[in-house]
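Please model the complete structure; the sequences and the hints are all you need to start from.
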Amino acid sequence: MLDGEKNIIKSAIRGKSSSFGLLYDHYQPRIYRFIYLKVSHREEAEDLTHQVFLSAWQNIDNYKFKGFPFSSFLYRIARNQVIDYYRTKKKNVSLENIADPEIESFSEKIIDSNLELEKVREAITQLNPEQQDVIIMRFVEDLSSQEVAKALNKSSGAVRLLQYRAIKNLKRIMNNEA
Amino acid sequence: MPKDLLKNLKDLQQIRPDDEYAKRSRLLILSSPHYETRVRKINPIAIMAVSGVFVLIIVFSVSYINQILSPIFLPGLNQNDLVAEANEMTALIQVRLDDVKYNIQELEDKSLADLATLNELKVLLKEVTNKLEEAAGLGLDGEDLEVSLQKMKSAYEILQEMSLEISGVLK
Chain H
0 MLDGEKNIIK
10 SAIRGKSSSF
20 GLLYDHYQPR
30 IYRFIYLKVS
40 HREEAEDLTH
50 QVFLSAWQNI
60 DNYKFKGFPF
70 SSFLYRIARN
80 QVIDYYRTKK
90 KNVSLENIAD
100 PEIESFSEKI
110 IDSNLELEKV
120 REAITQLNPE
130 QQDVIIMRFV
140 EDLSSQEVAK
150 ALNKSSGAVR
160 LLQYRAIKNL
170 KRIMNNEA
Chain G
0 MPKDLLKNLK
10 DLQQIRPDDE
20 YAKRSRLLIL
30 SSPHYETRVR
40 KINPIAIMAV
50 SGVFVLIIVF
60 SVSYINQILS
70 PIFLPGLNQN
80 DLVAEANEMT
90 ALIQVRLDDV
100 KYNIQELEDK
110 SLADLATLNE
120 LKVLLKEVTN
130 KLEEAAGLGL
140 DGEDLEVSLQ
150 KMKSAYEILQ
160 EMSLEISGVL
170 K
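First to last, the protein sequences are chains H and G. Be aware that the first sequence starts at 0, since it is given in numbering that gives the first Met the number 0, and climbs by one per residue. Be aware that the second sequence starts at 0, since it is given in numbering that gives the first Met the number 0, and climbs by one per residue.
Hints should not be assumed to be uniformly reliable.
Claimed, not checked - Below 35 Å or equal to it, Euclidean Cα-Cα: the simulated DSBU-like pairs (lysine-lysine) are:
{"#": "1", "chain 1": "H", "residue 1": "K9", "chain 2": "G", "residue 2": "K2"}
{"#": "2", "chain 1": "H", "residue 1": "K5", "chain 2": "H", "residue 2": "K153"}
{"#": "3", "chain 1": "G", "residue 1": "K9", "chain 2": "H", "residue 2": "K5"}
{"#": "4", "chain 1": "H", "residue 1": "K167", "chain 2": "G", "residue 2": "K109"}
{"#": "5", "chain 1": "G", "residue 1": "K2", "chain 2": "H", "residue 2": "K153"}
{"#": "6", "chain 1": "H", "residue 1": "K63", "chain 2": "H", "residue 2": "K118"}
{"#": "7", "chain 1": "H", "residue 1": "K63", "chain 2": "G", "residue 2": "K9"}
{"#": "8", "chain 1": "H", "residue 1": "K9", "chain 2": "G", "residue 2": "K109"}
Treat the hints as calculated values from the structure; they're not laboratory data.
Put into structure tokens, the structure is as follows:
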């Protein structure tokens, strides 16, 4: 959580753009990462991340501070953006019957020569969306179970169960690929 | 969870957005209207002045966008740089105006602004308006564009001074 986050959010709600700028600087990289890991395409991830923060800025009055970081609010918007993205994409693909030629190789773009990371990233994409969310939020971004529960609108118990299944599936996928 | 897998997941934090994209996206978002600008009741005198400047900025931005999209326009590299700089400056001015507007509201809410301060702010806003009017009135050729840019920069500096002054009162 950002230092003095509660006050920063309050002034952003009142329209102070520089305060929202602080929130943007702090949370933008992780929201981008969350989206990138789910859509596997740099430019799409950039567009969706932009939409998430634009929507957050325009709807920030809907955020209620209850001890949880602003990230929970952002992750909720991000999840909805990704769901809409796949809904639209699925419709387009079924209509046009074309494959996306622009899926990028993660290893080429970001981590040259680290095949293990590439394998993990690919394995994450094979999980179902909720399991992806839990793995990214809990283990890539280090969010607490409570924060994840808030972002996913689930109980902590449900998140723990999701996490258990997600890890099990991730290990299975990794072992099958090995 | 196996330690290797956990470490690899943590290492995915190396994924980061492109810096240029982040800077551009930030400017665009912060210069877009905030929900409160549509619904909030603010000092009408101050807001009339600010709105005047907003209109000028919008007109100015549209001119640049039209120029970029015009098929007749054949931009040189330097011209493109100037246009990009002017667009960036426009966004910066809008962000700064948001702050000034917010702070004027703070002055009013907390009854911190005396008449002299409000008058001074009005004079400064008038000066910003004049500079932007002059900038908007210039042509879009290379030399004029440079002069426009200078005027925009000067308007931005005044807005920065205003922000500082208001912040001083609010402290």
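Problem - Violating hint indices (sorted, rising) - result: 1, 4, 6
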